[in-house]
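**Student:** Chain order of the listed sequences is A and B. Using my numbering, you'd call the opening residue of the first sequence number 1 and step up by one each time. Using my numbering, you'd call the opening residue of the second sequence number 257 and step up by one each time.
These aren't lab readings, by the way, just hints derived from the structure by calculation. There may be inaccurate statements among the hints.
Estimated spans, in silico, between C-beta atoms of each pair [unchecked claim]: (1) B:W326 x A:K125: 48 to 56 Å; (2) A:R226 x B:Q644: 54 to 62 Å; (3) A:G228 x B:H657: 54 to 62 Å; (4) B:W326 x A:H139: 40 to 48 Å; (5) A:L115 x B:D652: 35 to 43 Å; (6) B:N338 x A:H139: 53 to 61 Å; (7) B:A675 x A:G111: 40 to 48 Å; (8) A:R192 x B:R670: 55 to 63 Å; (9) A:T122 x B:N532: 44 to 52 Å; (10) A:R110 x B:L401: 52 to 60 Å; (11) B:A675 x A:R226: 49 to 57 Å.
Dumping the calculated DSS-like pairs for lysine-lysine here, alpha-carbon to alpha-carbon at most 27 Å [said to hold, decoys possible]: (12) A:K151 x B:K679; (13) A:K125 x A:K151; (14) B:K724 x A:K108.
Glycine included, C-beta positions come from ideal geometry on N, C-alpha and C.
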Amino acid sequence: MLEIKNLYVRAGGHEILKGVNLRVNAGEVHSIMGPNGSGKSTLAQVLAGRETYEVTGGEVIYDGKNLLEMAPEERAREGVFMAFQYPVEIPGVGSAQFLKAALNAIRKARGLEELDAMEFLTLVKQRIKVLGMDEKLLHRSVNEGFSGGEKKRGEIFQMALLEPRLCIMDETDSGLDIDALKIVAKGVNGLRSPERAIIVVTHYQRLLDYIVPDYVHVLVDGRIVRSGGKELALELEEKGYARFEGGAGAAAPARR
Amino acid sequence: MSTPIDMIESLVSKEYKWGFVTDIEQDIVPRGLNEDVIRLISAKKEEPEWLLEWRLKAYRHWLTMKEPTWHNVHYPPIDYQNISYYAAPKEKLQSLDEVDPELLRTFEKLGIPLGEQKQLAGVAVDAVFDSVSVATTFKEKLAELGIIFCAFSEAAQRHPELVRKYLGSVVPYTDNFFATLNSAVFTDGSFCYIPKGVRCPMELSTYFRINAESTGQFERTLIIAEPGSYVSYLEGCTAPMRDENQLHAAVVELIAHDDARIKYSTIQNWYPGDKNGKGGIYNFVTKRGKCLGRNSHISWTQVETGSAITWKYPGCMLVGDNSVGEFYSVALTNNRQQADTGTKMIHIGKNTRSTIVSKGISAGYGQNTYRGMVKILKGAAGARNYTQCDSLLIGDKCGAHTFPYIEVKNSTARMEHEASTSKIGDDQIFYCNQRGISKEDAVNLIVNGFCKEVFRELPMEFAVEAQKLLGVSLEGSVG
Numbered sequence: 001m002l003e004i005k006n007l008y009v010r011a012g013g014h015e016i017l018k019g020v021n022l023r024v025n026a027g028e029v030h031s032i033m034g035p036n037g038s039g040k041s042t043l044a045q046v047l048a049g050r051e052t053y054e055v056t057g058g059e060v061i062y063d064g065k066n067l068l069e070m071a072p073e074e075r076a077r078e079g080v081f082m083a084f085q086y087p088v089e090i091p092g093v094g095s096a097q098f099l100k101a102a103l104n105a106i107r108k109a110r111g112l113e114e115l116d117a118m119e120f121l122t123l124v125k126q127r128i129k130v131l132g133m134d135e136k137l138l139h140r141s142v143n144e145g146f147s148g149g150e151k152k153r154g155e156i157f158q159m160a161l162l163e164p165r166l167c168i169m170d171e172t173d174s175g176l177d178i179d180a181l182k183i184v185a186k187g188v189n190g191l192r193s194p195e196r197a198i199i200v201v202t203h204y205q206r207l208l209d210y211i212v213p214d215y216v217h218v219l220v221d222g223r224i225v226r227s228g229g230k231e232l233a234l235e236l237e238e239k240g241y242a243r244f245e246g247g248a249g250a251a252a253p254a255r256r
Numbered sequence: 257m258s259t260p261i262d263m264i265e266s267l268v269s270k271e272y273k274w275g276f277v278t279d280i281e282q283d284i285v286p287r288g289l290n291e292d293v294i295r296l297i298s299a300k301k302e303e304p305e306w307l308l309e310w311r312l313k314a315y316r317h318w319l320t321m322k323e324p325t326w327h328n329v330h331y332p333p334i335d336y337q338n339i340s341y342y343a344a345p346k347e348k349l350q351s352l353d354e355v356d357p358e359l360l361r362t363f364e365k366l367g368i369p370l371g372e373q374k375q376l377a378g379v380a381v382d383a384v385f386d387s388v389s390v391a392t393t394f395k396e397k398l399a400e401l402g403i404i405f406c407a408f409s410e411a412a413q414r415h416p417e418l419v420r421k422y423l424g425s426v427v428p429y430t431d432n433f434f435a436t437l438n439s440a441v442f443t444d445g446s447f448c449y450i451p452k453g454v455r456c457p458m459e460l461s462t463y464f465r466i467n468a469e470s471t472g473q474f475e476r477t478l479i480i481a482e483p484g485s486y487v488s489y490l491e492g493c494t495a496p497m498r499d500e501n502q503l504h505a506a507v508v509e510l511i512a513h514d515d516a517r518i519k520y521s522t523i524q525n526w527y528p529g530d531k532n533g534k535g536g537i538y539n540f541v542t543k544r545g546k547c548l549g550r551n552s553h554i555s556w557t558q559v560e561t562g563s564a565i566t567w568k569y570p571g572c573m574l575v576g577d578n579s580v581g582e583f584y585s586v587a588l589t590n591n592r593q594q595a596d597t598g599t600k601m602i603h604i605g606k607n608t609r610s611t612i613v614s615k616g617i618s619a620g621y622g623q624n625t626y627r628g629m630v631k632i633l634k635g636a637a638g639a640r641n642y643t644q645c646d647s648l649l650i651g652d653k654c655g656a657h658t659f660p661y662i663e664v665k666n667s668t669a670r671m672e673h674e675a676s677t678s679k680i681g682d683d684q685i686f687y688c689n690q691r692g693i694s695k696e697d698a699v700n701l702i703v704n705g706f707c708k709e710v711f712r713e714l715p716m717e718f719a720v721e722a723q724k725l726l727g728v729s730l731e732g733s734v735g
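Pulled out of the complex, with its shape left as it was, chain B reads as follows (with noise of 0.2 Å):
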C-alpha cells in the first residue's frame, strides 16, 4: 500500500516555465577555444588592448591548469573545445527602441519588463542575453548621482581606469581553473560604482538569459562601494530546457571600501534538467568580495533552486578592522540535481565577524552538500564568527553532506557551529492533512519554515518571488 510520500513522489512535476527558446537572428562564433576566439572576443566587445592581453595572459595560464575534482558532485567530462564562446543577437544595440522587440518580449515573459512604461519602478535593470547586455534601465538618472551601472563591455571602454584599477584584484586571474577560463573568454555582466557616500537609491539588478545552445556563459560583474556608500543588488537567471548540458562559469568580485555596504543577492533559477537528470546548466561560479575597508558590510543571499549542478562558494576576505561578512543560503537540490556549495569566510583585520546560515534542501534523488570554510590568520585578532547549517531532507532517496573546514591561527578568535538534519516524514504531512491542509501546502509550510531566515534577508520585492520559485521547483517532489 503506497504511503503519502510515494504517492506524491510519482505526481509529474510542474515543467520548467522559463524552458522557452526565443527565435532571434544571432551572431555565434564558432566552437572551439583558441587565442583567435579571444581575440574575436575581444574585438567584438572593442576592448582596450590592456584587457585584451590580461585576457590572453588567463588563457595560457588556463591551458596549464588541471580541473579540479575534490568536489562532492558527479558529471561526464567537458569538452571544452565543444562549446561556443559568444553569441549575441545581430542588430547592434544603442538604445531601448532598437532592440529587437522579440528580445523584449522574452524580457517580459520572464518578468522583467523593460519598456519605458512598463520598467519596475524602484529596480534598476540590466538584462543579459546570451553573451551580450541587450538593455540597462534608469542608467541616466543613477548617473546623475554619480552611479555607474552599466554592462562590463560598456564599462571597459567608458571607464578603463577604474575596471583596470579592480579587475582581478578580489579573484586572480590564477585563481582557479574555472576563474582562470572565464578571465579569458568572460562576455558580459555588470559594472556598478557608487561614489564616496552615496547611498544607491534603487535596488540594482542584473538579469542572465541563456538562449543560444551549446554556447557557455561566461559573466564578470565588478561591483565597487566608495567609502560611506550602499548598494543593494540583485541577479536572477533562467535559461531554456534543453538535453545538453551547458556550461554557466561566472566570476563576480565586490570591493567594500571604509565603511561601505554591499548587499548581493542572487535568485538562481538556471534550468536543472530534466526529472532523469538530462541536460541543465552547470553552474561553477566564483564569487568574492573583498571588506577592504574599516568597517566595511558585504553580505550575499542566494536561493539556489535551478541548474543541474552547482559549485560556487560566495565568500568574504575580511580586511578591514571591524568588517561583517554574512552568507545566507537556500539551496534545494530535486530530482537528479547535485550542489556542491558553502561559503568562505577569511579573517584577516581585527575585529571581524561572519555570519553564516546555510538551509539545504533535498528532494527526489538531489544531492546537497554543504562546504563552509572559517579561517582566522594569525593577526586576526578578535575574530568571531557563527555558523548554522541545516539540512532538510524530503523523501528517502536524497542526501546531504557536510564539509566544514575550521582554522583558526589566533587564540582570542570565537567560534560557534551549530548543524541540524531533518526529514519530512509522512506523519507531519498527515498531521497537517488531518487539519485539513493539502499536501502541497504541508510541503511548504514546512519547507518556509526552514527557509523564513534567509529569506528574511532579501530585498523585500524578491523574497515573495523566491518563495514562489521554491514552492514551484519543489512541486511533485513531496515525499
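Chain A with its partners taken away, still in its complex shape (with noise of 0.2 Å):
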C-alpha cells in the first residue's frame, strides 16, 4: 500500500531525513521508534502532506500514486490519516460540526451518499461509547479545553470515524497514563483489518505491550538502521538506542 524510496527531507535549513526506505503492506502494523531528533515526526507529518518539510529527494507511492504530488486533502480523502501529536485547538467551530463536514468530504470522495444531521449523530453517539469518551465533548469546539488524553482519544475517536486506509499514529502515547494509553490502544487494534496498515510512531516501548506490531523499524539519524520483529521493540527497552547511534553522546531512552 505504502512505498517509501530513498527520501530525503529538510526542514528549517537541516536535512531531517536521509534516505528512508519503508514498505507497508495492507493489513499489517508497523512500528517506527527512535531517539529525540531521529527524524520520527517529521516522517509521520511528511506523509500527511505538512508544507513547511522540503522533500529533496526520494518518492512516495501510496496505492500506485505518487503521494508526494498530493494535497493534503486530498490524500486525506485518499484515506490517510494522521493522529497529531499536538492536535490544535480550534474555537468557535463545535467539533461535531467539524467532524461532519470532515466525514461528509471524504464519503464524497469515495462515492458514498453524505449524512445528513440526524444520521450522522447517530453514527457518532454509538462510536463515541466505544472509547469511553464523553459525550458531551461533541458540544465543544474542536479541541477546545480538552485535556491531553481526551485530545489523543479525540484523535483515535476521528479515526475510527473516519475509517482511514493508513493510519499514522505520530507519537499519541506521549503525556498519556496507563489507563488512557490502554483506551487508546483498544480503539486502534479495533480497526486493525486486512484492508488496513497502521504505522505507530513511538520513542516507548510501553504502547507497542498493547499495539503488538508485526514489524518495528528504528530510525536514527534520518534512516532506518534496523527493522525486525516485534522483539525488536524489547530489545530496544532494554539496551537503548545509543549502539544504533553514530558518534559518542546519544542518550538512552528513559527507563520506566
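Mind docking these for me? Both chains are given alone in their own frames, and the hints should help you get the complex.
**Tutor:** Structural data, given as C-alpha cells:
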C-alpha cells in the first residue's frame, strides 16, 4: 500500500530524513521507534502533507499514486489519516460540525452519500461510547479545553469515525497515563483489518505491549538502521538506542 | 518553501460580482456644491418650502465645519466640489409598468426582482438607484394596515407633518460633518411609519444601488414605531467597480415609542476597491436610534463586507425607562480595506440595558478598528451593559485595533467587557486539511464559527445570504 523510497527531507535549514526506505502492506502494523531528533515526527508529517517540510529527494508511492504530489486534503480523501502529536484547538468551530464536514468530504470522495445531521449524530454517539469518551465533548469547539488525554483519545475517535486505509499515529502515547493508553490501544486494535495499514510512531516501547506490531523499525539520524519483529522493541527497551547511533553522547531513552 | 498561507494568499480573489454598470439615460446635475445645487435637488424632489429651508440651514452650518480627523483610517482629501450631488434615471416613474426595463433587470441581477410576478414574498422592497427610489413593492398592502413604507421623498410630500416632527430629532443637522452634509444634500432613502399596536407582517427593506460615476450617495432613512408596534427592516447595498472613490454619507434615524421594537439589519456590500486599494466606496454613515418610550427596544445588526473605508457607529439613546439597545456586528476588512466602526450606547433613563457584540475579521492588509462608547449618565440608575469585542486575524499583514470608551456617572451601573484576539493559523488549516476539508471550507468553518452569534440575529432569509457573502468576500484571502 505504501512505499517510501530513499526519502530525503529538509526543514529549517537542516536535512532531517536522509534516505528513508520503508514498505507497508495492507493488514500490517508497523512501529517506527527512535531517539529524539531522529526524524520520526518529520516522517509522519511529510506523509500527511505538511508543507513546512521540503522533500529534496526520493519518492512515496501510495496505492500506486505519487503521494507527494497530492494536497493534504486529497491524501485524506484517499484514506490517509494522521493522529497528531499535538492536536490543535479551533475555537468557535463545534466538534460535531467539524467531524460532519470531514466525514462527508471523505464519503463524497468515496462516492458515498453524505450523511445528514440526524444520521451523523446517531453514528457518532455509537462510536464515542466505544472509546469511553463523554458525549458532551461533542458540544465543545474542536479540542478546546480538552485535556492532553482527551485530545489524544479524540484523535483515535476521529480515526474510528473516518475509517482511513492508512493510519499514521504520531507519538500518540506521549503524555498519556496507563488507563488512557489502554483505551487508545483498544480503539486502535478495533480498527485492525486486512484492508488497513497502521504505522505507530513512538519513542517508548510501552504502547507496543498493547498495540502489538508486526514490524518494528529503528529510525536514527534520519535513516532506518534496523528492522525486525516485535522482539526488536523489547531489545531496544533493554539496551537503548546508543548502539545504533553514530558518534558519542547519544542518550539512551529513559527507563520506566 | 511556501506555507499553506502563502499559497492561498497568492490565489486571485474572486471578482466583485456586483461591479457592473447599468447603461441607462440619467439626469445628472453638474459637479459642485453650492446653494443652487441644493435648491435644484429640492425642486426636483418637489419638496415643501420648510424642507428646503432645513437643507439650506444645514449647508450654511456645514460651511463652518471642519472635517474630523480622529479616525483610524487614512484616505486622501475629498474634493467636495468634484462630486455630483444628484443622478436619476431620466424617466419620471409612476408605477412599476413605467420603470425602465433595464432598471428592473439590474435589480433582478442583484437578486431583488421588482416585477409583480417575481417579487420576493414576505419582503417589501424599496429600490433606490443613485438618487431616487425607483419602486416600492407591497406599498398598498401595507397601507391597509396603516403602515407607511415609501421613499423619503414621497413621504416629504404626502406625510409632511410626520417628517417634520421627527426629521433631525435623533441626528440633528449639526451633529457631525458628514451628517450635516447629508442634511443639506440628501436625496432618497426610506420612510417607515408603523402605527400604534401594529406588528408589521413582512420584512421591510431598502436596496441601495449606486450607478452613476463621480456622484455621491446621500440617503436619508427615517423609521418611526408608535407605541406597541414592531418592525424588522433590512438594508442592502452594492455599487459598480470603479477606479475612483465614491462617497456614501447616509443618515438613519429610528424612533421607538413605548413598548415598541425596531430591528434594523444591514448587509453592506459596497465595492471595496481592488486588491491594491484602488477605487471603492467611502462609507461614512451616521445611524442612531432613540428608545424614546418606556420598554422600547432597538437593535442594530450589521454585516459589513464591502466599502474601501467604513466609518460608522450605529448607536442607541436609551431615554425611556427599561429601554434596550443592541448592537451585533461582523465587519470584514480584506485586501486594503479599512474600517473604523463600532457603536455608541447612551444610557439616560432608568434600568436601561445595552448589549454589544462586535466581531472584526481582518485579512490581507485590512485594518479593522472597533470604537465603542458606553456612556451612563447621572440619572441612569440600574443601567447594565455587556460588551464583547472579538477580533480574528487571517494572515500576518492585517491589523485589529480596539478603542473602548466607558464613561460611568452613576454608581449603580453594571458593566461587563470582554475582548479576544485570535488568528487562523497554518496549524488549524492543516488540521482541517488532514481531515479531508479543503482550505476554503476550513476558513469558512472557522469564520462562521466566529460570527455565529451575530448571524443568529439576522432575519432568517438574510442570514444565509450573509454567510455566502462572507465566503465570497474572503475568497483568496485565506492564510
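**Student:** Now look at each hint and say whether the structure bears it out.
**Tutor:** Hints, verified against the model:
| no. | hint | verdict |
| --- | --- | --- |
| 1 | B:W326 x A:K125: 48 to 56 Å | holds (55 Å) |
| 2 | A:R226 x B:Q644: 54 to 62 Å | holds (57 Å) |
| 3 | A:G228 x B:H657: 54 to 62 Å | holds (60 Å) |
| 4 | B:W326 x A:H139: 40 to 48 Å | holds (44 Å) |
| 5 | A:L115 x B:D652: 35 to 43 Å | holds (37 Å) |
| 6 | B:N338 x A:H139: 53 to 61 Å | holds (57 Å) |
| 7 | B:A675 x A:G111: 40 to 48 Å | holds (47 Å) |
| 8 | A:R192 x B:R670: 55 to 63 Å | holds (58 Å) |
| 9 | A:T122 x B:N532: 44 to 52 Å | holds (51 Å) |
| 10 | A:R110 x B:L401: 52 to 60 Å | holds (55 Å) |
| 11 | B:A675 x A:R226: 49 to 57 Å | holds (55 Å) |
| 12 | A:K151 x B:K679 | holds (21 Å) |
| 13 | A:K125 x A:K151 | holds (17 Å) |
| 14 | B:K724 x A:K108 | holds (22 Å) |
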